[in-house]
Amino acid sequence: MTIRFTSLAIIFSLAASPSFAGPSGQHSAQSVEHSAQAASHGSAALVSGAATVTAVPIMLFGTSMAISGAALKEVGESTAGIGNDLYLEGTGQAITPRIVTPNGAPALD
Amino acid sequence: MKRLLLIMCIALAGTLPSLAWAGSSEAGKSLLPAADVAAFSNRVQQDLAARGANVAIVARMGRDPSVLPPGVQYTHVSFWVYSQITRADGSTGRGYQVYNLYQKDDDQTRSHLVQDSPADFFAGAHRLDAGIIIPDIRLQKKLLKVIASPTYRALHNPRYSVLANPNTSQFQNCTEHTLDVVMASVYNTRDVPQIKANIAAHFQPQPIKLGGAKRVLASIASQALTTNDHGAKVATATFGSIARFMRSNKLASEIYRITPDKVTRF
Chain A
1 MTIRFTSLAI IFSLAASPSF AGPSGQHSAQ SVEHSAQAAS HGSAALVSGA ATVTAVPIML
61 FGTSMAISGA ALKEVGESTA GIGNDLYLEG TGQAITPRIV TPNGAPALD
Chain B
110 MKRLLLIMCI ALAGTLPSLA WAGSSEAGKS LLPAADVAAF SNRVQQDLAA RGANVAIVAR
170 MGRDPSVLPP GVQYTHVSFW VYSQITRADG STGRGYQVYN LYQKDDDQTR SHLVQDSPAD
230 FFAGAHRLDA GIIIPDIRLQ KKLLKVIASP TYRALHNPRY SVLANPNTSQ FQNCTEHTLD
290 VVMASVYNTR DVPQIKANIA AHFQPQPIKL GGAKRVLASI ASQALTTNDH GAKVATATFG
350 SIARFMRSNK LASEIYRITP DKVTRF
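The listed protein sequences correspond, in order, to chains A and B.
With my numbering, the residue at position 53 of the first sequence is 53, and numbering never jumps.
Throughout, my numbering is defined as the position within the second sequence, counted from one, plus 109.
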């Protein structure tokens, strides 16, 4: 009986584990669907169709802003990629601890 | 021994759902109607534009709040940047581009940086409820420079942990990356040890109550739930802790919550 309960508990626990990590995948098709729905809902902030080619930040400080009729659709991974300062795995290099003194409290000039 | 194993497994099954706030998920299957998601994402965009926000920090509720630990409301945070968008067909328009750190689907211990749209962002929402921080205009300018520079990617650590310790660079989640970018902008640096030293000195992460057994069992169940980068107590960056940090240091101009029918100040 205990073995049976134990087995069930193991199965239960293994089955439960995916639920907390959350759906992490890239479901582009679904993204497209949502964007398409957005396009049909009047405010015209989103449009469906092919992925965004570029998205350039706008510097319009101090002026009025608006969402235009042909804004955004992006399912790409333009910023995804390898290579960064923190990705140290596999380098085989020892990391030398460094003592860093913090700066003062954050403040804007 | 068998009884002990039984108890452990039941504990594992029973307690892990309470950690169900990973939430850095990319357009997962939504429980909500797509039309509602689309309408809400447009509402948030228009609200931000009406306030003149070039850069905002936006959080979504990707899980049922009842399963989130005390002090945690939102599960995913990203930067929204007002942008000139050019589509594949050549048409252009203006709107918000969303800069995310997402947990990978095929390996939950890894993350990648992904840009998507507001509708994509809310596609995985459990509830249409967004937490918003509009940084001070001076900080917005600094953030724009960092986000548009190689520093933004350089600050990404693909080793993902739901409960990443923001004081260290061992693991990272979406909120920690957001915090790192904010700190890089405030202090005009891309030096990770300096950023971490400043976070440790000035930022108060959200404590997460986890008993010893739960910590052990969680990391057994998934490496994405590791707490190896923490000491005796577990604390991580959250939307709420970033909001408190920015408010107390006068780095934010507005912090509020928006739902389909109302806007509430935090």
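FYI, nobody ran anything at the bench for these hints, they're computed from the structure.
Any given hint could turn out to be false.
To be verified - Straight-line Cα separation of at most 20 Å, DMTMM-like style, residue types lysine to aspartate or glutamate; simulated pairs:
(1) B:Lys342 - A:Asp109
(2) B:Lys213 - A:Asp109
(3) B:Lys323 - B:Asp300
(4) B:Lys371 - A:Asp109
Stated by the list, open to error - Pair by pair, the computed Cβ-Cβ distance ranges are:
(5) B:Pro259 - A:Thr101: 24 to 34 Å
(6) B:Ala144 - A:Ile99: 50 to 60 Å
(7) B:Asp215 - A:Ala107: 41 to 51 Å
(8) A:Leu108 - B:Asp216: 34 to 44 Å
What the hints assert, rightly or not - Short, incomplete list of chain B residues facing chain A, as computed with Cβ under 8 Å:
(9) Asp156
(10) Val190
(11) Lys318
(12) Ala322
Every residue, glycine too, gets a C-beta built ideally from N, C-alpha and C.
- Given the hint that lysine 213 of chain B pairs with aspartate 109 of chain A, does the C-alpha gap stay at or below 20 Å? Violated - the C-alpha atoms of aspartate 109 of chain A and lysine 213 of chain B are around 38 Å apart, more than 20 Å.
- Message: Assuming the hint says 24 to 34 Å, is it satisfied by the Cβ distance from proline 259 of chain B to threonine 101 of chain A or not?
- Response: holds (26 Å)
- Message: Can you verify the interface hint for alanine 322 of chain B: is its Cβ closer than 8 Å to any Cβ in chain A?
- Response: For alanine 322 of chain B, the interface hint is violated, since the closest Cβ of chain A sits about 13 Å away, which is over 8 Å.
- Message: Would the hint linking lysine 371 of chain B and aspartate 109 of chain A be met if the CA-CA limit is 20 Å?
- Response: Given pair lysine 371 of chain B, aspartate 109 of chain A is violated - Cα atoms ~34 Å apart, limit 20 Å.
- Query: Minimum Cβ distance from valine 190 of chain B to chain A below 8 Å?
  - Reply: holds (5 Å)
- Closest C-beta approach of lysine 318 of chain B to chain A relative to 8 Å, hint status: Hint on lysine 318 of chain B: violated, closest Cβ of chain A at ~16 Å, above 8 Å.
- Given the hinted pair lysine 342 of chain B and aspartate 109 of chain A, is their alpha-carbon gap at most 20 Å? violated (35 Å)
- Task: Hint says 50 to 60 Å; check whether the CB-CB distance for alanine 144 of chain B and isoleucine 99 of chain A agrees.
- Result: holds (55 Å)
- Message: So if I understand the rule, the pair passes when the alpha-carbon distance is 20 Å or less; does lysine 323 of chain B with aspartate 300 of chain B pass?
- Response: Violated: lysine 323 of chain B and aspartate 300 of chain B sit about 34 Å apart, past 20 Å.
- Has the hinted range 34 to 44 Å been met by the Cβ atoms of leucine 108 of chain A and aspartate 216 of chain B? For aspartate 216 of chain B against leucine 108 of chain A, whose Cβ atoms are near 39 Å apart, the range 34 to 44 Å holds.
- Taking the least C-beta to C-beta distance, is aspartate 156 of chain B closer than 8 Å to chain A? It is violated, given that the least Cβ distance between aspartate 156 of chain B and chain A is near 10 Å, above 8 Å.
- Indicate whether the distance between the beta carbons of aspartate 215 of chain B and alanine 107 of chain A respects the range 41 to 51 Å. Because 42 Å falls inside the window, the suggested range holds.
Taken one by one, the earlier hints fail for this structure at numbers 1, 2, 3, 4, 9, 11, 12, listed in ascending order.
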